[in-house]
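> What follows is each chain in one-letter form.
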Amino acid sequence: MKRLAAIVTMAALALGATACSSSSGSGGNGDDLSNADPGSCIVVDMASSPEKITLMTELAKEFNGSDEAKVGERCVFVRPRSKASGAGASLLAAGWPDPDTNGPQPVIWSPAASAWGAVVNQRLIDAGKSPITEPSKPFMLTPLVIAMPKPMAEALGYPNKPLGFSDIIALANNSQGWAAFGHPEWGPFRLGKTNPNFSTSGLNFTIAQYYAATGKTRDLTLEDLARPDVQAFSQAVESSVVHYGDTTLTFLNNMYKADARGTALTYASAVAVEEKSVIDYNTGNPDGILDPGEVPKPPRIPLVSIYPKEGTLFSDSPLFILDAPWVGAEQKQGAALFRDFVTRPENQSKVLEFGFRPGNPSVAIGDPINTANGADPDEPQALLEVPDPKVAIGILDQWDKQRKPARVLLVIDVSGSMGDPATQDGFATKLDLAKQAAIASLGEFKDDDEVGLRVFSTDLDANGATSLDLVPIGPIAQQRAELAQRIDDLVPTNGTPLYDVTADSYAKMLDGFDTSRINAVVLLTDGRNEDDNPDDDTDQRDGLLAELREGSEGQVTRPVRIFPIAYGADADLATLRRVADATTGAAYDSSNPTAINDVFAAVVSNF
Amino acid sequence: MARRLGALAVAVLMIAGAVVLRNHIDDDSGSSGGASDGGSETVALTCATELAVVCNALVEADPSVRATVEPAGVTADKLEATSGAIEGMDGWLVEAPWPDIVDGARQSSGTPSAFATTSDVLARSPLVMAMWNDRLAALLPNCANGALTWKCVSEVAGEKWSSIGGESAWQTVKPGFADPIDDGVGALVLAQAASSFLGTTNLSRSDFETDEFQNWITQLAGAVPQNPTFEDMLAIGQSAVDVVGTTEAEAGPALASSRDKDKITITYPAPMATADVVLASVDGASGGERLARIVSGDAGRRALAGAGWRVPDEPAVEGVDTSVSLPSASGLPSPGVIDALRDLWKGAR
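First to last, the sequence lines map onto chains A and B.
For the first sequence, counting from 1, position 605 maps to 605 in our numbering; every step adds exactly one.
For the second sequence, counting from 1, position 212 maps to 212 in our numbering; every step adds exactly one.
With the rest of the complex left out, here is chain A (with noise of 0.2 Å):
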């Protein structure tokens, strides 16, 4: 993906994604309210970035049932809807079209930061058109910070030396890792960070990155972007990230269940996060959803938060009203009248049990954001400038050229049940879909990205092979036809030995293992494991994970991760997000599988 409108089209394919992912909870959902028949009230429709979605609903339920939802004497009907903010902007600079996909045309937009209602801005200035987003107050902060876990915090002279990206950027320029501090068990450093594209933290850390790069704090600049040391300075911490993806949710599961089994140290070292992620983390509930029944655990070594030397970038979630073709003036009004209830003090102290700051600041910044949760309210005490957009967006076109490159099986279930319809009333099959899905997403693999091509299934030969290598793994710019026409052709034929492939997959992996590449196997299958001998089943499941994990800890280990897609409904979720964890991968659900379009650009994300 290397031109801006890639970026656009690879971020509105996230608006599902987030929330089919497994590891990445989306904070909850508005369905209940965004399906509500609103009668006949003024309809207030309102895209949220995810992790507010839970109080956004719960505050406009509220709003929704009060004598103050009126304009003139008709009622307002606020209905939230959850909306990844990368792939919110993306459909606003398109017009949000589709609605019957993308949801309705919001007239409340509410991203996890400004910095997004500036790029829509831009994108339609740049199209000759107005603008749609004007300033807004903070509904609820929350800082970027550096999550690291206490003992390599402390390893570098944190509470006492402050510390900033130059720091952990250092870090992950020495050779010598974790040894240069005396703790060689830790093994390099490893970096968390999430696809700039689709994640607010991963675009501010990015931000950071290139100020870190110049030395600058504000200004910066589209030549400063071009200069050889600081293009040799960014691509030197991407080559320390574990992966990307499209939340920091993924991390930080990932994370919490590597710390359960005592190997936290050894998954990342540090990871761009939002303070409020450091928070939940810490109180055991490192995807911000607590389920009901879930009693949380708080994790054996705790995260602390870095509050950057040189000065951080917050989330500030405004509440945009837009001021777009589809929004009439009544719905303006109404959308004000939320937009000052949810700012009033009694609303906006429940922002805090969220681990949020309130914007409004007549009310106390106060549990849970305290030290005993690893964040400190009395920081940060210096802010970076949120660059202008058109540098904005020329970071994103570099990080697209300097993200760490990627060595990738595709791993794709050819069984006899992918052929089954994908839909009840349709012609395609879930192969159809699942094919079209995979050809998309070779576009987003850019050009040195290595990706080959493997199917699977039994009795493949004459021989009972289980998988079949079509493409092997080279280059995507000299395969990529060839790739998108071995998956085209593709047929369903029998079983699913899904732990044997998973096996040799990860085995082929870790032979051609590459220190500089993100290693990873995208396994799709519809399938629960279907060989020959269903008697060893569970004895072949507990080997491989036992494999697996083998494999993925400790500090000399060759991480090869597994994100697995569970694809149908008969796809066996459990145990692949058993396997994905066991390489601190990610599972993701698409027992939809209409929605594998979304899901493929989400796994892909992570590359």
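These are calculated hints, taken from the structure and not from any lab test.
Please note: incorrect hints may appear among the correct ones.
When the alpha-carbon atoms are kept at most 30 Å apart in a straight line, the in silico DSBU-like pairs for lysine-lysine are as follows [to be verified]: (1) K160/B to K390/A; (2) K263/B to K350/A; (3) K261/B to K137/A; (4) K161/A to K160/B; (5) K160/B to K216/A; (6) K216/A to K346/B; (7) K263/B to K216/A; (8) K346/B to K129/A; (9) K160/B to K137/A; (10) K446/A to K508/A; (11) K78/B to K137/A; (12) K216/A to K151/B.
Quick list of simulated restraints, FRET-style, between CB atoms [as the list claims (entries may be wrong)]: (13) E212/B to D219/A: 19 to 25 Å; (14) G306/B to E73/A: 25 to 31 Å; (15) I125/A to E167/B: 38 to 44 Å; (16) I125/A to P112/B: 32 to 38 Å; (17) S296/B to E73/A: 31 to 37 Å; (18) A81/B to D447/A: 47 to 53 Å; (19) P271/B to G215/A: 37 to 43 Å; (20) G306/B to S349/A: 23 to 29 Å; (21) G543/A to E167/B: 56 to 62 Å.
Small disclaimer: the values here were computed from a predicted structure and weren't measured.
C-beta atoms are modelled at their ideal positions from N, C-alpha and C, and glycine is treated no differently.
Chain B: place on chain A using the hints.
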């Protein structure tokens, strides 16, 4: 210098035009009734953004008032560009000397005054500096006579705090105020700062032509951060801005109810300057006189006082320190000088 994101968004908005907070649009016969002055025709009031609360209160008190809120600079641009009356605008509630700035520009292009009358001062508020206590303690030893002034702040603007006795974690000295190009009060604060630097309010445009002044304004403009207002200071905290220039009307009441009220000090830099609210009735507009009666009447007085402005014989709200007395005049340079400073600022940013 590349325009920054926040500034761009603000500018875009301002160009985009008015935000109608409350739109009591009546038919041609006008009459939503209930006008406190006994009239019923709709009157159109344009308010500077920082007076939005006042406008809202007026609309609440008198439904015949239709209010539009927009930055003073946006209204000024419209008035300067129009030779006749502006449709939908009977009067402009703004700080002096903005109407004079508009007329000055019109005069230079041979256009007569935009206004039939400009009211006496309706309300006043001293210009203040609000600063984080720890930063203030570090800065004061660097200030003449240990007193906080814009001269003192601006001379170290953009320097590392660690070089003047502050902590390195604070990074650079970041003074802030609202954009003087468009904000009614921002322009006045810049004028106060320039007067402080030059040591007099009796300024002329030629005073700005020296290298010393050009360097000063460039340094100051380069040090103002992306979130420079008092609102940013309170919402984001210490990382946003170190010291903010604004009115007592904005800072006093907001600080009194803020979570950071014990961490910020409001000072009244000497010599004191004030923002003085006036109503300029647009020439040729039919509702100007009635609007003037409404705004200068009880409803207007209460609205202004309730928003933190000092209005004779009206009680002050919490956070307004009436023990600090006001000078008889605004203490600001002439309208032409303020306008010239806005132009200079545009170039310096």
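> Please test the hint of 23 to 29 Å on the beta carbon pair from G306/B and S349/A.
Given a distance of about 25 Å, which is inside 23 to 29 Å, the answer is holds.
> Does K508/A lie within 30 Å of K446/A when you go C-alpha to C-alpha?
22 Å, holds
> Indicate whether the distance between the beta carbons of S296/B and E73/A respects the range 31 to 37 Å.
Given a distance of about 33 Å, which is inside 31 to 37 Å, the answer is holds.
> Run the distance test for K261/B versus K137/A: straight-line Cα separation, threshold 30 Å.
Satisfied, since the Cα-Cα distance of roughly 20 Å is no more than 30 Å.
> Determine whether the Cβ-Cβ distance between I125/A and E167/B falls within the hinted range of 38 to 44 Å.
With Cβ atoms ~40 Å apart, the hint holds.
> Look at the Cβ atoms of I125/A and P112/B and judge whether their distance stays inside 32 to 38 Å.
Check passed, 36 Å falls within 32 to 38 Å.
> So does P271/B sit 37 to 43 Å from G215/A, Cβ to Cβ?
Check passed, 40 Å falls within 37 to 43 Å.
> Is the straight-line distance between the alpha-carbon of K160/B and that of K390/A 30 Å or less?
28 Å, holds
> Between K161/A and K160/B, is the straight-line Cα distance small enough, at 30 Å or below?
19 Å, holds
> Could you grab the alpha-carbon distance between K263/B and K216/A and see if it respects the 30 Å cut-off?
28 Å, holds
> Would the pair K160/B and K216/A pass a check requiring their Cα atoms to be no farther apart than 30 Å?
13 Å, holds
> Take the C-beta atom of A81/B and the C-beta atom of D447/A, compute their distance, and say whether it sits inside 47 to 53 Å.
Holds: the Cβ-Cβ distance is about 52 Å, inside 47 to 53 Å.
Hint compliance for this structure: no hint is broken.
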